[in-house]
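The chain contents come next:
Protein chains: 2
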Amino acid sequence: MVENRKSDLSEIFHALSDPTRRAILGMLVRRPHHIGELVAPFDMSFNAISKHVKTLERAGLVERELVGTFCKLHLKTKGLSDAYHWLGAYELFWNERLNKLEALLAESKPSTKPKRQKSRS
Amino acid sequence: MVENRKSDLSEIFHALSDPTRRAILGMLVRRPHHIGELVAPFDMSFNAISKHVKTLERAGLVERELVGTFCKLHLKTKGLSDAYHWLGAYELFWNERLNKLEALLAESKPSTKPKRQKSRS
DNA sequence: CAGCGTGTCAACCAGATGGTTGAGTAAAAC
DNA sequence: GTTTTACTCAACCATCTGGTTGACACGCTG
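Going line by line, the protein sequences match chains W and R.
Using the numbering used here, read the first sequence as starting at 1 and increasing by one per residue.
Using the numbering used here, read the second sequence as starting at 1 and increasing by one per residue.
Derived from the structure by calculation, the hints contain no laboratory data.
These figures come from a predicted structure and were not determined experimentally.
Some clues are possibly wrong.
[To be verified] Estimated spans, in silico, between C-beta atoms of each pair:
# : chain 1 : residue 1 : chain 2 : residue 2 : range
1 : R       : 51        : W       : 70        : 42 to 48 Å
2 : R       : 89        : W       : 36        : 22 to 28 Å
3 : W       : 19        : R       : 26        : 24 to 30 Å
4 : R       : 10        : W       : 71        : 25 to 31 Å
5 : W       : 70        : R       : 85        : 31 to 37 Å
6 : W       : 44        : R       : 69        : 43 to 49 Å
7 : W       : 78        : R       : 42        : 43 to 49 Å
8 : R       : 89        : W       : 43        : 37 to 43 Å
Beta carbons are placed, not taken as given, at the ideal position from N, Cα and C, and that holds for glycine.
Sequences and hints are given; from them, build the entire structure.
Spelled out as structure tokens, the structure:
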């Protein structure tokens with residue numbers, strides 16, 4: 001397949017951790033763009049955007065389709081879906097856990113905030 | 001509130017982009033741990049784990065509760081939930097879009113793979 | 001063919017990241 | 001009161017990151 005060298009969650013989350021890259025995904029979800037089109041909104045060099053695209057591509061979030069000199073970029077949803085489902089596994093817990101946690105914290109509230117605070121914000 | 005200085009998606013995704021930190025969350029989702037307990041599985045110094053915990057805390061994924069000398073860590077689900085919902089917005093698209101995309105790609109398949117390949121893997 | 005537009009690659013830089021060690025602090029145990 | 005335990009903080013280091021610039025490759029257009 002040689003899909004992408006590492007369809008890893010680490011790469012995916014790292015790709016998502018940059019606002020520029022998330023914005024790019026936001027553009028691509030509407031319709032495919034070529035790289036040049038992506039540059040305008042960002043006040044950043046073409047090369048910088050190209051690098052971001054490469055990061056997204058490595059993470060498997062974006063797919064290139066070469067059309068003449070243009071490089072048309074498509075959103076590739078598998079990676080997003082992977083990340084979504086990874087988080088979904090936690091969702092199973094957090095609804096029920098929040099209740100448990102709240103109960104627990106309520107119990108231990110009296111002794112919850114000890115004094116040992118030197119420089120903790 | 002002073003919840004955390006930046007309940008930002010960037011921080012959250014960045015926190016999730018490290019396998020050690022994801023593993024820590026995996027331990028915390030079962031039950032709260034103190035930091036010392038987290039160290040064992042990782043072959044890494046206590047301080048390294050402590051730093052990871054701090055990263056998770058900054059991202060709002062983890063909450064500290066001081067119990068004597070121990071620092072009990074709870075999973076804090078809001079951040080995970082935020083990330084989950086951000087991705088969920090894309091899920092609305094990708095189910096329908098995949099169909100559209102596939103149709104589109106099927107149309108343009110004949111000219112989809114041009115020759116311009118010098119050093120592209 | 002020459003020139004332009006689109007994009008890649010490599011080199012470079014400042015700052016962030018992930019790890020280490022060592023010193024210090026505070027509560028608990030002796 | 002001394003020692004242990006659990007943890008924090010600061011300094012340090014190598015590597016990664018996100019940006020830049022400049023040179024180059026490819027395909028389209030005239």
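We went through each hint and held it up to the structure:
1. Distance hint for residue 51 of chain R and residue 70 of chain W: a CB-CB separation of about 44 Å, consistent with the stated range 42 to 48 Å.
2. A hinted range of 22 to 28 Å holds for the C-beta pair residue 89 of chain R and residue 36 of chain W, which are about 26 Å apart.
3. For residue 19 of chain W paired with residue 26 of chain R, a C-beta distance near 27 Å keeps the hint of 24 to 30 Å intact.
4. One distance hint, 25 to 31 Å for the beta-carbon pair residue 10 of chain R and residue 71 of chain W, holds here, with the actual separation near 26 Å.
5. For residue 70 of chain W and residue 85 of chain R, the Cβ-Cβ distance of about 34 Å falls inside the hinted range of 31 to 37 Å, so the restraint holds.
6. Roughly 48 Å separates the CB atoms of residue 44 of chain W and residue 69 of chain R, a value that falls within the hinted 43 to 49 Å.
7. A C-beta distance of roughly 29 Å is found between residue 78 of chain W and residue 42 of chain R, which places it outside the suggested range of 43 to 49 Å.
8. Hint check: residue 89 of chain R to residue 43 of chain W, Cβ distance near 25 Å, so the stated range 37 to 43 Å is violated.
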